[in-house]
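Protein chains in written order, with this note's numbering: chain F, 1 to 253; chain R, 254 to 556.
Keep in mind that a hint or two might mislead.
[Claimed, not checked] Output of the computed footprint for chain R on chain F, the stretches with three or more beta carbons under 8 Å from beta carbons of chain R:
no., stretch
1, 1–8
2, 210–219
3, 224–237
[Stated by the list, open to error] Here are the computed distance ranges between Cβ atoms for each label pair:
no., chain 1, residue 1, chain 2, residue 2, range
4, R, V528, F, E234, 38 to 48 Å
5, F, L253, R, M449, 21 to 31 Å
6, R, N463, F, P187, 18 to 28 Å
7, R, H545, F, L253, 49 to 59 Å
8, R, R456, F, T18, 25 to 35 Å
9, R, V475, F, S104, 55 to 65 Å
10, F, A88, R, A401, 47 to 57 Å
11, F, M1, R, D256, 22 to 32 Å
12, R, V475, F, L253, 51 to 61 Å
13, R, V528, F, S202, 49 to 59 Å
14, F, D231, R, D265, 37 to 47 Å
15, F, D178, R, P317, 24 to 34 Å
[Unchecked claim] Result set (DSSO-like, lysine-lysine): computed pairs, CA atoms no more than 30 Å apart in a straight line:
no., chain 1, residue 1, chain 2, residue 2
16, F, K128, F, K106
17, R, K488, R, K412
18, R, K411, R, K367
19, R, K529, F, K241
20, F, K10, R, K529
21, F, K177, F, K106
22, F, K3, R, K529
23, R, K367, R, K260
24, R, K404, R, K529
To be clear, the hints were calculated from the coordinates, so they are not data collected in a lab. We put the beta carbon where it would ideally sit given N, CA and C, even for glycine.
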Amino acid sequence: MGKYDSILCKITRAEQLTADVYDFTLEAPALAVLAQPGQFAQIRLPGHALRRPISICGIDRAAGTLRFVFQVRGQGTAELAGFRAGDALEIMAPLGNGFSLDLSGKVLLLGGGIGTPPLLGCAAHYGKNAIAALGFRTREAVILEEDFQSAGAETLIATDDGTYGHHGLVTELAAEKDFSAVLACGPAPMLRAAQALAATRSVPCFLSLEERMACGIGACLGCAVALVGGDGREYYGHVCKDGPVFDSRQVLL
Amino acid sequence: MADLSVKVAGVDFHNPLIAASGTFGFGREYAEFYPLSVFGGISTKGTTLHPRPGNPPPRVTETPAGMLNAVGLQNPGVDAFIREELPWLSGQGTRIVANIAGSAVEDYCQTVEKLNPTCVDMVELNISCPNVKEGGVQFGTSAQSVYAITKAVRDVCKKPLMVKLSPNVTDISEMSVAAEHGGADAVSMINTLTGMRVDIHTRRPIIHNNTGGLSGPAVLPVALRMVWQAYQKVKIPIVGLGGISTWQDAVEMLLCGATALQLGTVLFTDPYAPVKIAQGLSEYMEKNGVAHIADLTGGVRPW
Ligand SMILES: Cc1cc2nc3c(=O)[nH]c(=O)nc-3n(C[C@H](O)[C@H](O)[C@H](O)COP(=O)(O)OP(=O)(O)OC[C@H]3O[C@@H](n4cnc5c(N)ncnc54)[C@H](O)[C@@H]3O)c2cc1C
Ligand SMILES: Cc1cc2nc3c(=O)[nH]c(=O)nc-3n(C[C@H](O)[C@H](O)[C@H](O)COP(=O)(O)O)c2cc1C
Ligand code: FES
Chain F
1 MGKYDSILCK
11 ITRAEQLTAD
21 VYDFTLEAPA
31 LAVLAQPGQF
41 AQIRLPGHAL
51 RRPISICGID
61 RAAGTLRFVF
71 QVRGQGTAEL
81 AGFRAGDALE
91 IMAPLGNGFS
101 LDLSGKVLLL
111 GGGIGTPPLL
121 GCAAHYGKNA
131 IAALGFRTRE
141 AVILEEDFQS
151 AGAETLIATD
161 DGTYGHHGLV
171 TELAAEKDFS
181 AVLACGPAPM
191 LRAAQALAAT
201 RSVPCFLSLE
211 ERMACGIGAC
221 LGCAVALVGG
231 DGREYYGHVC
241 KDGPVFDSRQ
251 VLL
Chain R
254 MADLSVKVAG
264 VDFHNPLIAA
274 SGTFGFGREY
284 AEFYPLSVFG
294 GISTKGTTLH
304 PRPGNPPPRV
314 TETPAGMLNA
324 VGLQNPGVDA
334 FIREELPWLS
344 GQGTRIVANI
354 AGSAVEDYCQ
364 TVEKLNPTCV
374 DMVELNISCP
384 NVKEGGVQFG
394 TSAQSVYAIT
404 KAVRDVCKKP
414 LMVKLSPNVT
424 DISEMSVAAE
434 HGGADAVSMI
444 NTLTGMRVDI
454 HTRRPIIHNN
464 TGGLSGPAVL
474 PVALRMVWQA
484 YQKVKIPIVG
494 LGGISTWQDA
504 VEMLLCGATA
514 LQLGTVLFTD
524 PYAPVKIAQG
534 LSEYMEKNGV
544 AHIADLTGGV
554 RPW
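Starting from the given sequences, assemble the full structure and let the hints guide the process.
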């Protein structure tokens, strides 16, 4: 097998985490062996021409499983939410480049809403060296808090409305912390704040980006993202192949 | 396995399936799934004389039974194609169809002249890209200009020449006749149909280019009708594409008059589609006593 493949996988566990967020575990031993935190899968939905890109949230090589946590945003994800344990899903994975796993010192994980799941694999990797600052709209929307804690990460929660944890932004949670790198995934304003925070502290920063996709592997050039090269020139890279994780200095937000 | 080989414009393909331009890049990404020889040929990403950056995102979105794209011919230019992609691609056991685009007749001619001494098996002239202001579509929408560009390129092209036709015209069979008169060895049809979707919350078109090209199963009936109409007007072979996603679709396209087929959007749904379609075609031929793919071409029995 190559770097990725498309395989029909059995859903071993399908749970609902919040009103609109679902948590699936799929039996995919051949893909789990290849997967790294921050990579994603293209999930095929019956009757749809295009697959849906969803990040890999958990990799269990011993059990041979991959975990996905997704939010219902439109037609496709609504149909995905209707799948049950025992059903099969065809997934193409693992795709793209994941997060850096060779960072030293404390690593700050900044997650916003449904941008939180791809960071869980980083928490599992960095364990006690990870600080997870996770932001959500409100108390009911908080997901994966215990998962980050049991991975060993110092886990801090913020909500926009103050109904749980810190009332405010995740970057405010990080303000008093010492760290030597930032890994972030979430809405654009949060990524901009992450970029700025890392620049102030002069630490490396990696951002996971989203764009609409067709092939998911770098062939169709559909998922363009504006990047800046070392020479300062702007060009279009591709989220599926060059990312989804990018060095924040490359990214124009 | 039945004999799936076909001949298009003097070029032998070991099966009738060709990857459609722009959906397969230069093949490297799909080589992770299978040897590229699962395809009889590969039509490479639309290549221009000079590199092109492409359009701003979003460039693609799903639509009912299909998708819209406005990639805008992002490509590294013909020199980089020859230097960096062709040496690898030519060792993959599949025919190479170089798809080219341009904004002026001279661009097409110069691009072809650079391809003449290379090992590409065929040139596919894209005069139908709807997604860039100067993507050649202006050459593809009147019979006169189809004839003129085909003739100009024919005069310099030493490779078999296939002209890819736009469906965004009133009568595509006229365009196929014009290409034939201009000296084309084959035509391929259809390129994408122009379309649009709008985000009702932001009131913005979903595609940054505002409009995009529609492809996928939704366009199959249109493509079948167009191939059937053109088949009645031209003697040169027709490579049929547009929405083919199963072996049954492939048989329909052959029956409507196609000599060979291209697969595009279906690769996004299922990268293994060419393997499954070749298998299905083979079984259909064996079951129905069809010795050659060519025996299916144009075999529809109209009422
Ligand atoms: C690399 C990557 C990782 C992702 N990881 C996750 C994750 O772990 N969990 C999660 O809930 N969501 C994730 N997303 C977002 C998810 O792909 C979209 O929410 C989903 O595609 C929406 O599909 P839909 O049919 O419900 O929405 P619709 O709006 O009906 O979809 C229409 C089309 O637009 C595309 N589309 C719409 N929104 C997005 C978007 N934000 N990003 C990419 N394509 C979009 C769809 O794929 C589809 O082709 C990720 C996106 C990317 C690019
Ligand atoms: C993402 C994308 C990019 C494309 N790029 C090109 C291109 O560069 N040149 C070209 O001639 N056609 C291009 N096409 C059109 C396809 O080759 C094909 O004509 C069309 O998609 C219809 O076939 P399908 O329904 O099987 O995809 C592109 C199509 C898609 C979806
Ligand atoms: S989705 Fe095709 S290149 Fe990224």
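Range hint compliance [Cβ, H545 of chain R to L253 of chain F, 49 to 59 Å] | Since H545 of chain R and L253 of chain F have Cβ atoms about 57 Å apart, the given range 49 to 59 Å holds.
May I ask you to test the hint 38 to 48 Å on the CB atoms belonging to V528 of chain R and E234 of chain F?
-> holds, 39 Å
Confirm or reject the coverage of the stretch 1–8 of chain F by chain R under the rule of 3 or more residues with a beta carbon closer than 8 Å to the chain's beta carbons.
-> holds (count 5)
Whether the CB-CB distance between V475 of chain R and L253 of chain F falls inside 51 to 61 Å | violated, 40 Å
Verdict for M1 of chain F, D256 of chain R (Cβ pair) under range 22 to 32 Å | holds, 30 Å
C-beta pair V475 of chain R, S104 of chain F: status relative to the range 55 to 65 Å that was hinted | Cβ of V475 of chain R to Cβ of S104 of chain F: about 58 Å, so the range 55 to 65 Å holds.
Tell me if chain R covers the stretch 224–237 of chain F under the three-residue, 8 Å CB rule, please?
-> Since 5 is at least three, the answer is holds.
30 Å Cα cutoff - pair K367 of chain R, K260 of chain R | Holds - the C-alpha atoms of K260 of chain R and K367 of chain R are around 25 Å apart, at most 30 Å.
Are the Cα positions of K3 of chain F and K529 of chain R separated by 30 Å at most?
-> The given pair, whose Cα atoms are some 22 Å apart, holds under the 30 Å limit.
Has the given pair, K404 of chain R with K529 of chain R, been kept, meaning a C-alpha gap of at most 30 Å?
-> violated, 38 Å
C-beta pair R456 of chain R, T18 of chain F: status relative to the range 25 to 35 Å that was hinted = At 30 Å between Cβs, range holds.
Verdict for N463 of chain R, P187 of chain F (Cβ pair) under range 18 to 28 Å | Taking Cβ atoms as reference, N463 of chain R and P187 of chain F lie about 25 Å apart, which means the hint holds.
Violated hints, listed in ascending order, are 12, 15, 24; each of the other numbered hints is respected by the structure.
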